[in-house]
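Please build the complex by placing chain B on the supplied structure of chain A, with the hints as guidance.
These protein sequence lines map, in sequence, to chains A and B.
Note that the working numbering has the first sequence beginning at 3, numbered continuously upward.
Note that the working numbering has the second sequence beginning at 3, numbered continuously upward.
It is worth saying that the hints were derived from the structure and are not from the lab.
Errors might be hidden in some of the hints.
One copy or two, it doesn't matter: identical chains are merged, so the pair holds either way.
In silico lysine-lysine, DSBU-like type, Cα no more than 30 Å apart, as pairs [to be verified]:
1) K28 x K160
2) K149 x K21
3) K163 x K79
4) K107 x K28
5) K152 x K28
6) K163 x K28
7) K79 x K28
8) K107 x K21
Number of protein chains: 2
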Amino acid sequence: MIKAALSVLLVLVAVSSAKYIPKSGKRIPQTLSRGWGDQLIWAQTYEEALYWARLRNKPLMVLFHLEDCPHSLEFKKVFSEDNGIQRTLDEDFIVLNLMYETTDKHLSPDGQYVPRVIFVDPTMTVRADIIGRYSNRMYAYEPADLKLFKSNIEKAKKLLKSEL
Amino acid sequence: MIKAALSVLLVLVAVSSAKYIPKSGKRIPQTLSRGWGDQLIWAQTYEEALYWARLRNKPLMVLFHLEDCPHSLEFKKVFSEDNGIQRTLDEDFIVLNLMYETTDKHLSPDGQYVPRVIFVDPTMTVRADIIGRYSNRMYAYEPADLKLFKSNIEKAKKLLKSEL
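Chain A extracted, bound-state conformation (with noise of 0.2 Å):
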């Protein structure tokens, strides 16, 4: 009888612990890097970023991108498996990928798509002269650009008002 009332009791505890599953099954819990460097320190919000770029004086990478888009998958590849760019934008920037566009206009220079690689200066200033290879869509890169990209990160490293 004891035993039975037990093992009722151990029952309604498991059950009372157990954690929340969905119905449709168990999630795989989403990570910030969303594969574009698991290593690496992704701000969530634009105004995050802003504010650490500011606070660390370290340029901003904001890349916008897409999970179903082929282009934007193909990038991620090389770029995440692409150690000289890890390694340069965890020391030396504050990184930020976003699937949602922002309010502020100054992220589309010439319009909105992906993948799309937007260079934020810590003075605030959007870095509109640092493009890629396409006239039509200047901030796009493909696999093959990433030498360009590289030269690219670069360039954004060199802060356009150096402190003293």
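Just chain B, lined up with the frame of chain A:
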């Protein structure tokens, strides 16, 4: 000789394919949930959350918190462990947790503090009428306020403009 060459080649391949690891050591990838419910689908930004709220005709819960704020952590514990809250939020709400303020003043009707929970109707109306127990911080909740919080979730579920 061939063996030695092969070894060198293997080492080179191993080095070149090694993933980037920060000098400070490997990091655990950040999640969007930040411990507030790993099974919920969190929006990343306010813009994204509004987009989903409108599209799905669901109310939005915006939760402001800080990871080094003991009040936030206490509330997070009861919030994340309550299956009723987790299920309702998962099935009937769009959810967003933020550690940095947005530029939208409507999200801080009585100031910026944490923890703070603001509900937004899919008509884009901030539900400033859904408040907690504290007159000086009307959108703050403590673990003891869980029952009130749950009834506020139910209030937010009743949309301002119901579909015909």
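Tested hints:
no., hint, verdict
1, K28 x K160, "between (45 Å within a copy, 28 Å between copies)"
2, K149 x K21, "between (47 Å within a copy, 19 Å between copies)"
3, K163 x K79, "neither (33 Å within a copy, 45 Å between copies)"
4, K107 x K28, "neither (38 Å within a copy, 36 Å between copies)"
5, K152 x K28, "between (39 Å within a copy, 24 Å between copies)"
6, K163 x K28, "neither (49 Å within a copy, 33 Å between copies)"
7, K79 x K28, "both (26 Å within a copy, 20 Å between copies)"
8, K107 x K21, "neither (42 Å within a copy, 35 Å between copies)"
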